[in-house]
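Visitor: This is what each chain is made of:
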Amino acid sequence: MSKQKINNLNDNFDIVLENVTVSYQLPDEQVRTFKEYAINFIQGKNKKRSFLALDHINLKIKAGEIFGVIGRNGAGKSTLLKVISRVLIPTKGRVVTRGRVYPMLQVGAGFHPELTGRENVFLNGTLLGHTRIEIEEKYQDIIEFSEIADFINAPVRTYSTGMQARLGFAVAFAWQPEVLILDEVLSVGDVAFQQKCRIRMQEYRENGTTTVLVSHSPVLIASLCERALWLDKGKIVALGESDKVTQGYKTKMGV
Amino acid sequence: MENKQNNQKEIYDSSKRGHPAWEEFTGVLRYRDLVFQLIRRDLVSRYKRSVLGVAWTMLNPLGTMLILTIVFSRVFGRVESYPVFVLTGLIVWNFFSQTTQHCMSSTLWGSGLFKKIYLPRTSFIISSIGTGIVNFIISLVPLLVIMLFTGAPVQLSAIMLPVILLLLSLFSLGVGLLLSAYSVFFPDIAEIYTIILMAWMYLSPVIVPEETLASILNGWLLKINPLFYLIKLFRMAIYDGVFPPISLLLTATGISFAMFMIGWLVFTNKSDEFAYYV
Chain A
0 MSKQKINNLN
10 DNFDIVLENV
20 TVSYQLPDEQ
30 VRTFKEYAIN
40 FIQGKNKKRS
50 FLALDHINLK
60 IKAGEIFGVI
70 GRNGAGKSTL
80 LKVISRVLIP
90 TKGRVVTRGR
100 VYPMLQVGAG
110 FHPELTGREN
120 VFLNGTLLGH
130 TRIEIEEKYQ
140 DIIEFSEIAD
150 FINAPVRTYS
160 TGMQARLGFA
170 VAFAWQPEVL
180 ILDEVLSVGD
190 VAFQQKCRIR
200 MQEYRENGTT
210 TVLVSHSPVL
220 IASLCERALW
230 LDKGKIVALG
240 ESDKVTQGYK
250 TKMGV
Chain B
0 MENKQNNQKE
10 IYDSSKRGHP
20 AWEEFTGVLR
30 YRDLVFQLIR
40 RDLVSRYKRS
50 VLGVAWTMLN
60 PLGTMLILTI
70 VFSRVFGRVE
80 SYPVFVLTGL
90 IVWNFFSQTT
100 QHCMSSTLWG
110 SGLFKKIYLP
120 RTSFIISSIG
130 TGIVNFIISL
140 VPLLVIMLFT
150 GAPVQLSAIM
160 LPVILLLLSL
170 FSLGVGLLLS
180 AYSVFFPDIA
190 EIYTIILMAW
200 MYLSPVIVPE
210 ETLASILNGW
220 LLKINPLFYL
230 IKLFRMAIYD
240 GVFPPISLLL
250 TATGISFAMF
260 MIGWLVFTNK
270 SDEFAYYV
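Here the protein sequences come in this chain order: A and B.
Sequential numbering of the first sequence, starting at 0, is according to numbering that gives the first Met the number 0.
Sequential numbering of the second sequence, starting at 0, is according to numbering that gives the first Met the number 0.
The hints are simulated quantities; they were obtained by calculation from the structure and are not laboratory data.
Be aware that a few hints might be false.
Calculated lysine-lysine pairs in the DSSO-like style (CA-CA distance at most 30 Å, straight line) [what the hints assert, rightly or not]:
| id | chain 1 | residue 1 | chain 2 | residue 2 |
| --- | --- | --- | --- | --- |
| 1 | B | Lys15 | A | Lys232 |
| 2 | B | Lys15 | A | Lys195 |
| 3 | A | Lys137 | B | Lys8 |
| 4 | A | Lys234 | A | Lys249 |
| 5 | A | Lys232 | B | Lys269 |
| 6 | A | Lys251 | A | Lys34 |
| 7 | A | Lys61 | A | Lys251 |
| 8 | B | Lys15 | B | Lys269 |
| 9 | B | Lys114 | B | Lys15 |
| 10 | A | Lys61 | A | Lys91 |
| 11 | A | Lys137 | B | Lys269 |
| 12 | A | Lys232 | A | Lys251 |
| 13 | B | Lys8 | A | Lys91 |
| 14 | B | Lys114 | B | Lys269 |
| 15 | A | Lys195 | A | Lys137 |
| 16 | B | Lys269 | A | Lys234 |
| 17 | A | Lys34 | B | Lys269 |
| 18 | A | Lys59 | B | Lys47 |
| 19 | A | Lys234 | B | Lys114 |
| 20 | B | Lys8 | A | Lys195 |
Just a sample of chain B residues kept apart from chain A, beta carbon distances all over 10 Å, derived [as the list claims (entries may be wrong)]:
| id | residue |
| --- | --- |
| 21 | Ser14 |
| 22 | Val43 |
| 23 | Thr56 |
| 24 | Gly62 |
| 25 | Thr63 |
| 26 | Gly129 |
| 27 | Val140 |
| 28 | Ile188 |
| 29 | Ile195 |
| 30 | Pro244 |
| 31 | Gly253 |
| 32 | Val265 |
Heads up, the beta-carbon is just placed ideally off N, CA and C, and yes, glycines get one too.
Chain A extracted, bound-state conformation (with noise of 0.2 Å):
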């Protein structure tokens, strides 16, 4: 584990993690109603366990580098994206972020299917944040990079799960994120759209996009990152450049 001292965030860095620690308190069994609460908390039930997802993660990423993070179901992968995303408020330490950060919706995720295609472009643009006139800005490019254009004025439930992937792509890709968070979602969509949402990322890149993808695959971390950081159990098995630590998790998964 890697124990670097970290001050603040310098112009180097795009996103800094200081001892950072995520418990989620789990009940003993899972309580998911009020009776069931009620019932419980008059026979003194309600124990809880706490579930370390993060321990102590200390990260920086750079500005304008593609990171990977890698691990097993359960290593905390998806927590990390959360706190620094800001979805999640880490239990303890300390997140730092610069720049609005864009988290890949997944496919249709903010959809409503009775809505058209140009209704559920504003609706999902401003879920991301964006205000009605921004959203006008780009439509036509939305449009274009989507290739549905034909069909924009049908209720998005009349779309193919390969159509609606292409507008919510379209819609996420229309603005140059600062910095970019990706969950394994590239693989959906033909070769050829996946190979027009690559292109759009590389150009994000060379413009400045910090990016942060996580995968199962130690090929595609190998493959499209410079550093990368393997997590287990919530805690940091290693950080460094993405060939060895891909190399790392191959020999010790057997893989």
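Fit chain B to the known structure of chain A by using the hints.
Guide: Chain B alone, transformed into the frame defined by chain A:
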């Protein structure tokens, strides 16, 4: 030059956050276009696919009014123009019950997104109230028709309507926030609430005349019911055609603002935990 650019970027520091209630407020202001899109989504999806869409919003209270008038006009025969009495009560009641329930369901819909992206979580609740306001205004049309039909005149006091709607919205927003804050953790609160609503309606002067309820518990039944003041305000301005006394207006304002503040503080304090709840 790069330095300068970097300085302009917005910085998020988890250790330097303001009070959650204030953070949420500035967040919603920045995301106001989202609130409008959500209202639009609700209205379009409700009204688009059926010819009767808008008509349903008007027919629903009318139908209920008709049934209640037939059933209860004998029981409460002394009430003057009972159809207008019932309809004015129902419009306020429907606004309150529908928006507060909608707050919970749209927060539940949004909670899938809260776990993935940052959003001011109150956007969904505020938009539910916004949708309710549009429906409220639509449901005034049948009221007007019935008033003209039964010869109950519209008085100048109707200009109080925007103020009353604002107070009603604030109160409902407060209750909606409070319910939503907990229904994320306990979805069955929505079901418990349905039962509470039923009792609440019969204990409020919606169908039952105020005089009938006024005698219960020395009048305390009505006095402790915050909706009583809001229904009374609306009835005075529309049904009685008189300007409500300032004391009533102040009481209703106090209650509505207090409820809103309580709801806002509780919700914004709880909402950081949403993402922790897996």
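Visitor: Now look at each hint and say whether the structure bears it out.
Guide: Status of the hints after comparison with the structure:
no.: 1; hint: B:Lys15 with A:Lys232; in the structure: 28 Å, holds
no.: 2; hint: B:Lys15 with A:Lys195; in the structure: 39 Å, violated
no.: 3; hint: A:Lys137 with B:Lys8; in the structure: 21 Å, holds
no.: 4; hint: A:Lys234 with A:Lys249; in the structure: 18 Å, holds
no.: 5; hint: A:Lys232 with B:Lys269; in the structure: 27 Å, holds
no.: 6; hint: A:Lys251 with A:Lys34; in the structure: 46 Å, violated
no.: 7; hint: A:Lys61 with A:Lys251; in the structure: 27 Å, holds
no.: 8; hint: B:Lys15 with B:Lys269; in the structure: 18 Å, holds
no.: 9; hint: B:Lys114 with B:Lys15; in the structure: 22 Å, holds
no.: 10; hint: A:Lys61 with A:Lys91; in the structure: 23 Å, holds
no.: 11; hint: A:Lys137 with B:Lys269; in the structure: 36 Å, violated
no.: 12; hint: A:Lys232 with A:Lys251; in the structure: 14 Å, holds
no.: 13; hint: B:Lys8 with A:Lys91; in the structure: 25 Å, holds
no.: 14; hint: B:Lys114 with B:Lys269; in the structure: 14 Å, holds
no.: 15; hint: A:Lys195 with A:Lys137; in the structure: 17 Å, holds
no.: 16; hint: B:Lys269 with A:Lys234; in the structure: 28 Å, holds
no.: 17; hint: A:Lys34 with B:Lys269; in the structure: 20 Å, holds
no.: 18; hint: A:Lys59 with B:Lys47; in the structure: 50 Å, violated
no.: 19; hint: A:Lys234 with B:Lys114; in the structure: 22 Å, holds
no.: 20; hint: B:Lys8 with A:Lys195; in the structure: 28 Å, holds
no.: 21; hint: Ser14; in the structure: 4 Å, violated
no.: 22; hint: Val43; in the structure: 6 Å, violated
no.: 23; hint: Thr56; in the structure: 17 Å, holds
no.: 24; hint: Gly62; in the structure: 25 Å, holds
no.: 25; hint: Thr63; in the structure: 26 Å, holds
no.: 26; hint: Gly129; in the structure: 14 Å, holds
no.: 27; hint: Val140; in the structure: 24 Å, holds
no.: 28; hint: Ile188; in the structure: 5 Å, violated
no.: 29; hint: Ile195; in the structure: 12 Å, holds
no.: 30; hint: Pro244; in the structure: 40 Å, holds
no.: 31; hint: Gly253; in the structure: 30 Å, holds
no.: 32; hint: Val265; in the structure: 16 Å, holds
Checked against the numbered hints given earlier, this structure breaks hints 2, 6, 11, 18, 21, 22, 28; the rest are met.
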